[in-house]
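Student: Okay, here's what each chain looks like letter by letter:
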Amino acid sequence: MNSPDNNRLEQQEIDASAKWPVLTFLGSALCWLVLGGALQLGAALQLHTPAFLGGCEWFTYGRLAPAAQNALVYGWGMNAAFGFGLWLMARLSASALRHGGWLFVAAQFWNLGITLGVLGILTGASTSFELLELPRFVTVLLLVAYALIGLWAVSTFCLRNTEHVYVSQWYLFGAAFWFPWLYTVAQVMLFQAPVRGALQPLVNAWYVNGLYGLWFVPVALAAAYYFLPKILGRPLNYFYLPAAGFWCLVVATAFSGGSRLIGGPVPSWVATLGTVANFVAVPAVVMISMTLFGTLAGRYAALKESITLRFVFLGLLGFVAASLLNFALSLRSVAVLLQFTLVGELRDWLLFYGCFSTMMFGAAYFIVPRLTGRAWRSGALVRAHCGATALGLVVLTVTLLAAGWQQGKLLNDPAVPFADLTKAMLPWFTARSVALMLLAVGHLAFFVNFCWSVCPFGSAAEAPAEFHLPPAMSLPAKEGHA
Amino acid sequence: MKNGLTLFLGVFATLALSWAGVLLTAQRQFGGLAQYKDPADESLNPAALSGIADQGRMVYQDLGCVSCHTQQVRREGFGADIGRGWGTRQSVARDYLREKTVLIGQARLGPDLRNAAARPYADAEYFYNLLYAPQSVAPGTNMPSYDFLFDVRPASDQPSPHALRLTGRFAPAPGTQIVPSRRADELVAYLLSLKDTYDYPEARPFVEPKQKEGGH
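So the sequences go chain by chain: A and B.
Position one of the first sequence corresponds to residue 481 (the numbering used here), numbered consecutively onward.
Position one of the second sequence corresponds to residue 2 (the numbering used here), numbered consecutively onward.
Just chain A, same shape as in the assembly (with noise of 0.2 Å):
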């Protein structure tokens, strides 16, 4: 075994050789966030005040608010995790990442693509397909950028020079083979050899049900995973936990995506297969959320000693939140009601930002430091964004579901005109925007942060946002846990 010290020698050389890759996809992803949570909020706001960019092709609600969408999803998200699924995967098989150049090429090849596709939705070229509006001809562009990191991240497991293999591994490697699989499936049966009629809903349920699930939740869980045993001292508690629920959760999400069909011009076969699948997610959830609570329980105060932690305990609530939506979503009495409103977007965007995007900040606030080497600048905007996030997030979350549940009640009484309907969500629409000024204030102050701190010019940092690290944790004896 090493010794403490080598371990730590081994740590600084592997950061070192992630340092240019991930920043650079830390980086992008930052200006993603901060431009598609604006775009975002652009869309919002023309739900109460349709004037808003009014008569501006570009900028009308049908193409903003995909490209949005889009943008937080592709460019934020995806540039998220790939930066911090190779940095992970690099610690864990402790093991460096070889010509970083490429992974360079990679991202820049990426974001090529996402800002081309982007500005395609914006003109026009959408295809109209939930999550897959992108238009075909930036697919390759995209392929062409994952098949690069994707072999990175699996390379650097298959060499890596450890004895065990860690549960974040399992999520990571897990992820990274699903999401092109269930890209190329998506592209082929849709545009390349499309499929007829409404088998085309069914590809497009199974694609958004598989990125989400497949992929934003096992790159989410590989954080909560590292981080809270990591920054606790202290290892997972139960054994056979973490493998039960890994399976279980992965095999339920890979059936589950027909329930978002329930009512739909599909047999009914598809949407209880769903459900049935949702059913057997519920034990995977009680199995993960046991094992990640359990490890924090009786430590809570740590919250207070770590921006990290505080972020991935909120993104622990949102997943707990989000997979309960889903299920309840997934059972016809509730789908009836609240199918087609603003519930259903809530169960994606809490899986997306109540979990995955949280888990994404919490993790960026760990790694930077120790790729710069220099703590970040300032503590102030660190706990700017930490309360803009959480409250946001509950704002949303009460608006939404408060909205929803209403907007159903009136889509389902048909004596009330449409016009009504309107009406009574105009107060709704206008919180949401509200909260969703507050996500971009957050976003506004990491953003401003980032740059900062990774800028080399200038001082020292002015304030240490990583708290102080209880003792037994500075000097690991061994990365990770388990």
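Calculated from the structure, these hints are not laboratory results.
If you're wondering where the values come from, they're calculated on a predicted model, not measured in any experiment.
Among these hints, one or two may not hold up.
Claimed, not checked - Here are the simulated distance ranges between beta carbons:
#	chain 1	residue 1	chain 2	residue 2	range
1	B	Gly33	A	Val585	42 to 48 Å
2	B	Ala49	A	Ser635	46 to 52 Å
3	B	Ala49	A	Arg578	52 to 58 Å
4	A	Thr642	B	Leu25	35 to 41 Å
5	A	Arg863	B	Gly5	37 to 43 Å
6	A	Ala531	B	Glu126	21 to 27 Å
7	A	Pro660	B	Gly5	15 to 21 Å
8	A	Arg863	B	Leu25	48 to 54 Å
9	B	His163	A	Pro894	33 to 39 Å
Said to hold, decoys possible - Okay, the calculated bits of chain B under chain A, using three or more residues with CB under 8 Å as the criterion:
#	segment
10	11 to 19
11	31 to 43
12	143 to 151
Idealized CB from N, CA, C, for every residue including glycine.
Following the hints, position chain B against chain A.
Tutor: Just chain B now, kept in the frame of chain A:
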């Protein structure tokens, strides 16, 4: 899980099974669905979209109308779709054979449009006015205006027979007229094609209470 190979096989099997079990099975079950030949008059249903309506479908797609509008009528007793007059029966898979891209949507910020052309008030003029100035036919709505699909021309030109007849605050400035562009014509042709009136055999059994609870 010490073994990378076990992990790989499991990861592989998970998605392979899901792909085969959900998508391939569905493809085999109803991917080959064909138009239905009416026994009485030998017509094929659903009839294919006309050329201009198909162009309109692409305008619908590029403007992202699917962000606010669904195109799927749920069955009687499951929501109020039929009660709202969005259709007379539930939508079935065969209905969608007429479109090259099927956008059933998943948000109802606006009404369902699967049978938009079957509304009693829906004619070309209604759709043109709605697209140019939604407030002129639906006061208080938040549907965006698509006035960029229309050309403003001097009225002294030969007055166009297609010019919109708008009054009050939506009327064109004096001396001008509002004429739909080619894209507006295509989009309206598409909207006018939106009605599933043909009664397929499979559209009926679905509404029987026995079948409809076949869920969980």
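Student: Does each hint fit the structure? Answer for all of them.
Tutor: Hints, verified against the model:
{"no.": "1", "hint": "B:Gly33 / A:Val585: 42 to 48 Å", "in the structure": "44 Å, holds"}
{"no.": "2", "hint": "B:Ala49 / A:Ser635: 46 to 52 Å", "in the structure": "50 Å, holds"}
{"no.": "3", "hint": "B:Ala49 / A:Arg578: 52 to 58 Å", "in the structure": "55 Å, holds"}
{"no.": "4", "hint": "A:Thr642 / B:Leu25: 35 to 41 Å", "in the structure": "38 Å, holds"}
{"no.": "5", "hint": "A:Arg863 / B:Gly5: 37 to 43 Å", "in the structure": "41 Å, holds"}
{"no.": "6", "hint": "A:Ala531 / B:Glu126: 21 to 27 Å", "in the structure": "24 Å, holds"}
{"no.": "7", "hint": "A:Pro660 / B:Gly5: 15 to 21 Å", "in the structure": "18 Å, holds"}
{"no.": "8", "hint": "A:Arg863 / B:Leu25: 48 to 54 Å", "in the structure": "51 Å, holds"}
{"no.": "9", "hint": "B:His163 / A:Pro894: 33 to 39 Å", "in the structure": "35 Å, holds"}
{"no.": "10", "hint": "11 to 19", "in the structure": "holds (count 7)"}
{"no.": "11", "hint": "31 to 43", "in the structure": "holds (count 3)"}
{"no.": "12", "hint": "143 to 151", "in the structure": "holds (count 7)"}
Consistency note: the structure conflicts with none of the earlier hints.
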